[in-house]
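Chemist: Going line by line, the protein sequences match chains G and V.
Numbers 1 to 412, taken from UniProt numbering, label the letters of the first sequence in order.
Numbers 1 to 412, taken from UniProt numbering, label the letters of the second sequence in order.
These are calculated hints, taken from the structure and not from any lab test.
It is possible that part of the hints are untrue.
Because identical chains share one entry, a pair is satisfied inside a single copy or across any pair of copies.
Cross-link-like lysine-lysine pairs, in silico, DSSO-like; alpha carbons within 27 angstroms at most [said to hold, decoys possible]:
id	residue 1	residue 2
1	K272	K74
2	K24	K74
3	K26	K272
4	K256	K168
5	K345	K49
6	K256	K313
7	K168	K117
8	K24	K272
9	K256	K47
10	K47	K117
11	K223	K26
12	K408	K309
13	K256	K315
14	K309	K49
15	K51	K24
16	K309	K223
17	K254	K313
18	K272	K256
19	K254	K315
20	K168	K408
21	K168	K51
22	K47	K272
23	K49	K117
24	K74	K51
25	K112	K74
Number of protein chains: 2
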Amino acid sequence: MSVNQLSETNQVSEMIEWLASFGKTKTGGVTRRLYTPEWQAAQHALKAKMKETGLETYFDSVGNLYGRVQGTEKSGAILTGSHIDTVTEGGKYDGAYGVIAGFIAVSRLLRKYGPPKKTIETASLCEEEGSRFPITFWGSKNICGLYHFHDADGIQDENGILLSDAMKRAGFGPGKYISPARTDIRAFLELHIEQGMVLEQNNKTIGVATHIVGQRRYTIRLKGESNHAGTTPMALRKDAVTAAAQFISYLTRKAKETDPGLVATVGQIDVKPNVANVIAGEVAFSLDIRHHRQEVMEHYCNDVFSTFKRNAKKKGIHISITQWLDTAPVALDPALAEIARSIAKSRQIAFQDIVSGAGHDAQIFGSFCPTLLLFVPSRNGISHSPREYSAIRDLETGIDLLESVLYKLAYT
Amino acid sequence: MSVNQLSETNQVSEMIEWLASFGKTKTGGVTRRLYTPEWQAAQHALKAKMKETGLETYFDSVGNLYGRVQGTEKSGAILTGSHIDTVTEGGKYDGAYGVIAGFIAVSRLLRKYGPPKKTIETASLCEEEGSRFPITFWGSKNICGLYHFHDADGIQDENGILLSDAMKRAGFGPGKYISPARTDIRAFLELHIEQGMVLEQNNKTIGVATHIVGQRRYTIRLKGESNHAGTTPMALRKDAVTAAAQFISYLTRKAKETDPGLVATVGQIDVKPNVANVIAGEVAFSLDIRHHRQEVMEHYCNDVFSTFKRNAKKKGIHISITQWLDTAPVALDPALAEIARSIAKSRQIAFQDIVSGAGHDAQIFGSFCPTLLLFVPSRNGISHSPREYSAIRDLETGIDLLESVLYKLAYT
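Please model the entire structure based on the sequences and the hints provided.
Modeler: The following block contains the structure:
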């Protein structure tokens, strides 16, 4: 390892710890929610660091931060980055890694090669997680024209603070800086931790995302008859728990049979009255379904829901199925993915194609401009937790690859 | 219907409403918990009514109320009655019916036939439900010598009031009246609402209980791995909800296969973290098992728990099974049951043998003296609810039968 490489490895490691210091919690996690003092401090500190490195820095009016290197040719901008906000008690890598990776890659390119042909910008997007306000992708959706200031109307956090007020108190809001909506972005590149264990299980350093899954979320409510657990024979019961258990077993088995890429999760169950010696009259459970092809989800939902309804009827149980989230799958740009693959191959980096099971800013950009999403492994697949961790050598390999893709796009 | 019968029918109907007026709630239910002002008022009003009818009345020191008709022969007492306390927002019939039935039957016998050969007592037992203090059968267990005053030590209600203090404030406690423990009871007869729908479904007016079921209650805790619902393929999951669903389906199916009298209920499920887009790491669920034969419960538990353990191991899920209730089945007295059956037959009352799936004071007396437990139908099986209801003609038939059994035991 050369002296130069050693110092670069230290750079990513140091920046991860430095950025985690804004909002660090007692447990070693990070809580850095939109427009909070920790969030503000992080954005301003990043701006100073970008400026110091020779980037042209600016905010937009919702608080997205950019570091720009003007290209010598007249062209749109190649944008890289990720989000600066975290979940409550999140880790040091989710979002932060992409912000740091963009900054390091662009800084290195500028230092090594000077101004590019095509303009490059690295971004620290203001919000993706929805961890403070019940709205997600506030940064990327404002950039892509999918949200405007008025979409914040009436949205408040758990303390009743309005998104619009929090934005103003943090120094942002309509007219404060340039409008967030952009029309000049020719590509978006995001580097992120996988937040799953596929790469780790397959011993790969890089995942090249081909798609981001679509997501459907439902609440299934079953209404049977609450009754005495001792005096009601099994044959006379309309037990909502028993029905729910059978439905959950069925949907799990069916998901496994349908497609290896399909995931179906029941994460939430609420039972009424939820007392040991009373047969439950009501159960509500959530169902989260994800796949990168609409028709697979459609086929699965049709089968599962018609089976539920048929069986509920047989049992004398009333069923209602309510959908409350419906996100279409996003196909990422094949040409950008192929550039990433060919560089990885030439560098003998162990990589694989992967479908992203989680949402990312790249999902919003994916329908807006050619988009590349690269993953590095997450130890044990753990994320949204203080135990989130990715190996420094993997983080560095990701940054090297990002730098090379940017070089290819902006300098050649 | 003779004028006499009409007036007697009015008597039970009026007494049900009269007793329900002590602790009546806005919803039309009854809340009359141990030693509360409503409870005190009810016991004292009953005592006055018993006295008025010519019974010799007395309390014991825990607050059980008796109305006695001294027999002409030297003998122990034949006791009938039930409990005066209710659950919170309970109905008008649970417990109250047995108290009223005992009073009416004994009053009628005294009026019609004068003093019996064998002493009869009718009782309003102070507590059975455990609805105020975390202790049940405070009345019957004190009578049968299974509880003593010191068993109340440290037991408090949800407001931190000690059972012993509440007892004293209500005018009871050690030395206030005679000791509750008795050795002179030769039989106990209890009339109760079924609290199930077996009699109603079978169009029967009377159920002659042969057994009271044993009860076992468990908490089953499953610990898998909480993970991201999008990025964790089905094959890599250790999903506690999926495991719980399979176990609940299995235990339900197995209960139906094992014995028609066996009931197994999962009434409570608690999921962690209980979030729609997170695979649940932990699930705890309750299991309530009842049957009137220990060996049936034993066989069932062995099968179910070994299946759980085997399957949990396969899934990489940690399982712990904790038992927190274990009540043995009680066989009621065959000779008393046969007397009830033969009278019912001669009167052309539609009756059937039945196993009590709920606990009753008769369960405590059952191991102490020959005990008879008779049921009348509950509409839709509903109990512990303001909607609890039994038809007046069924209540009256029950009282007639009780009167005849008492006559047979005490006058012949």
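Chemist: From the Cα coordinates, with 27 angstroms as the cut-off, is the pair K272 and K74 best called within, between, both, or neither?
Modeler: neither (64 angstroms within a copy, 54 angstroms between copies)
Chemist: Using 27 angstroms as the alpha carbon limit, work out where K256 and K313 are close: within a copy, between copies, both or neither.
Modeler: Both: 25 angstroms inside a copy, 20 angstroms across copies.
Chemist: Could you figure out if K112 and K74 sit no more than 27 angstroms apart (CA to CA) within one copy, between two copies, both or neither?
Modeler: within (22 angstroms within a copy, 114 angstroms between copies)
Chemist: With 27 angstroms as the alpha-carbon cut-off, assign the pair K47 and K272 to within, between, both or neither.
Modeler: neither (51 angstroms within a copy, 40 angstroms between copies)
Chemist: With identical chains treated as interchangeable, where does the CA-CA distance between K309 and K49 reach 27 angstroms or less: within a copy, between copies, both, or neither?
Modeler: Intra 58 angstroms, inter 56 angstroms, cutoff 27 angstroms: neither.
Chemist: Could you figure out if K256 and K47 sit no more than 27 angstroms apart (CA to CA) within one copy, between two copies, both or neither?
Modeler: neither (47 angstroms within a copy, 67 angstroms between copies)
Chemist: Since the copies are identical, ignore which copy is meant and state whether K223 and K26 lie within 27 angstroms (CA to CA) inside a copy, between copies, both or neither.
Modeler: between (43 angstroms within a copy, 26 angstroms between copies)
Chemist: Is the C-alpha distance from K256 to K315 at most 27 angstroms within one copy, between copies, in both cases, or in neither?
Modeler: Both: 26 angstroms inside a chain and 15 angstroms across chains, each within 27 angstroms.
Chemist: Could you place K47 and K117 in one of the four classes (within, between, both, neither) given a Cα distance threshold of 27 angstroms?
Modeler: Within one copy, since 24 angstroms is at most 27 angstroms while 101 angstroms is not.
Chemist: Quick one: K408 to K309, C-alpha cut-off 27 angstroms, is that within a copy, between copies, both, or neither?
Modeler: neither (54 angstroms within a copy, 56 angstroms between copies)
Chemist: As a check of your reading, is K309 near K223 (CA-CA no more than 27 angstroms) within one copy, between copies, both or neither?
Modeler: within (12 angstroms within a copy, 31 angstroms between copies)
Chemist: Is it within a copy, between copies, both, or neither that the alpha carbon of K74 lies no farther than 27 angstroms from that of K51?
Modeler: Within one copy only: 23 angstroms inside a chain, 107 angstroms across chains, cut-off 27 angstroms.
Going down the numbered hints, you'll see the structure goes against 1, 2, 4, 5, 7, 9, 12, 14, 20 and 22, while the others check out.
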